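K.L.:
What follows is each chain in one-letter form.
Protein chains: 2
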Amino acid sequence: MAAPYELIYYAGVPGRGEHVRLILEEAGAPYQDTQFLSFDEARQRVTTWLAGGGHGNPRYFAPPLLKHGDLVISQTPNILLYLGSRLGLAGEQEDDVYRVNALALTALDGLSNEVHDAHHPIAVMLPYADQREESRRRSKEWVQSRLPSHLAYWQKVLVENEERGSGPWLLGSTFTYADLVLFQCLDGTHYAFPKAMRQARDTGKYDRVFKLWEDVKARPNIAAYLASSRRQKYQDWGVYRHYDDNDVIAE
Amino acid sequence: MAAPYELIYYAGVPGRGEHVRLILEEAGAPYQDTQFLSFDEARQRVTTWLAGGGHGNPRYFAPPLLKHGDLVISQTPNILLYLGSRLGLAGEQEDDVYRVNALALTALDGLSNEVHDAHHPIAVMLPYADQREESRRRSKEWVQSRLPSHLAYWQKVLVENEERGSGPWLLGSTFTYADLVLFQCLDGTHYAFPKAMRQARDTGKYDRVFKLWEDVKARPNIAAYLASSRRQKYQDWGVYRHYDDNDVIAE
Chain B
38 MAAPYELIYY AGVPGRGEHV RLILEEAGAP YQDTQFLSFD EARQRVTTWL AGGGHGNPRY
98 FAPPLLKHGD LVISQTPNIL LYLGSRLGLA GEQEDDVYRV NALALTALDG LSNEVHDAHH
158 PIAVMLPYAD QREESRRRSK EWVQSRLPSH LAYWQKVLVE NEERGSGPWL LGSTFTYADL
218 VLFQCLDGTH YAFPKAMRQA RDTGKYDRVF KLWEDVKARP NIAAYLASSR RQKYQDWGVY
278 RHYDDNDVIA E
Chain D
38 MAAPYELIYY AGVPGRGEHV RLILEEAGAP YQDTQFLSFD EARQRVTTWL AGGGHGNPRY
98 FAPPLLKHGD LVISQTPNIL LYLGSRLGLA GEQEDDVYRV NALALTALDG LSNEVHDAHH
158 PIAVMLPYAD QREESRRRSK EWVQSRLPSH LAYWQKVLVE NEERGSGPWL LGSTFTYADL
218 VLFQCLDGTH YAFPKAMRQA RDTGKYDRVF KLWEDVKARP NIAAYLASSR RQKYQDWGVY
278 RHYDDNDVIA E
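Protein sequence lines, in the order shown, are assigned to chains B and D.
Under the working numbering, think of the first position of the first sequence as 38, with each following residue one higher.
Under the working numbering, think of the first position of the second sequence as 38, with each following residue one higher.
It is worth saying that the hints were derived from the structure and are not from the lab.
Bear in mind the structure is a predicted one, so any value in this text is a computation, not a measurement.
No copy is singled out in the list; a pair is fine if it fits within one copy or between any two copies.
Below, computed lysine to aspartate or glutamate pairings styled on EDC-like, alpha-carbon distance capped at 16 angstroms:
no.	residue 1	residue 2
1	K104	D132
2	K232	D281
3	K248	E199
4	K104	D133
Excised from the complex, chain B in its bound form (with noise of 0.2 angstroms):
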């Protein structure tokens, strides 16, 4: 399809809209993007989209959405799936689309659902400040074990893969949107909680995981963005946050 890819989500925070940023700039893509409108105006773009986009496109739960000719989609590793697929970054042997959607949704789940629900614990529909007890205690409790469960997880992707002779990137020797999505919950998760990704790398355990980090980081295309004003600065609402008294280290 010839038609523009146009991304549908609020103004503001990188939010989970920033994945499908990411994939789009990795691959030099032109697409528009909601984000330069205001914040009123792209909020009610994403709520009438939500809707249904016509076309056989059933209505939505959530943003981000992307939207491209008839097709509406939703669903951030959706949109992925089907943009990796299309750009060139899903891999290049048969089934690796699955192995690297098995990768991103990982990711997804432990360093950016589980990262938003540190903040908001007890329910979605409640702010911060009425849960903050809850949200110290379940941060205490992730930096101390899921965090470096999920660091020790993608180490060892990256570890297997150089004993095998391939790397450096999480399917072997071929750069993928698994990669770009973990650089981006790394990202994430380091403004939430700095000084436990700080004592993590200190510890020396985890030095592939920051090294794709920085891997990534220095890819020129998306070097420029993040250097460009198109990338958004996180903000303490949507996914990731920082709060003072959720900043703990582990024990």
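Dock chain D against chain B, hints included.
P.N.:
Just chain D now, kept in the frame of chain B:
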């Protein structure tokens, strides 16, 4: 591939593996299932395969896993995506696979992951008893605001199809694995929150959603499966758990 499908998951509860069983059962596809091993043997099998399946399959973080010949993949929605295309349950129109994947991801987010987190709001590594108060608070909030939000969403999808002269399934006239996923999510949520689900049903506001639950249950292959010993019972471990403390209704 003529290789058999092999589901690798814990034995003893339906869990996330149940979504994989339902799609295979609906399609009448033969499969092997570690649920027939002892509890310890199944757990051992899971651990072994999580370390990667060779042949370029990276290590994975959590079960269920699907093995099909040399391919080993993780992540429930990813396994369904793979099987859905092969078994003719991912729609008929171009790009339907992405519409179906979005619907399945939305059902799993809202009526599986959120329900799981109701009994583990603070930490998945801590026992329920250590987060019982928070669990009760989260359950009350969830039943009050999120359950109606999810049911209203699914009702709208189904009503809008009907208004277009289509239905009775989520994608319209074509039955897909998204219907199976929503069925299992409703069924498990009913196990966890029977009072709230009965209350929701009695309002009459979600009649299309509860009808879909019944319609899926009545499909010949699914009915036969649910009546068989292959359908495991819910227990108070796993994704869906019933705790009296959490079995509340909306105010």
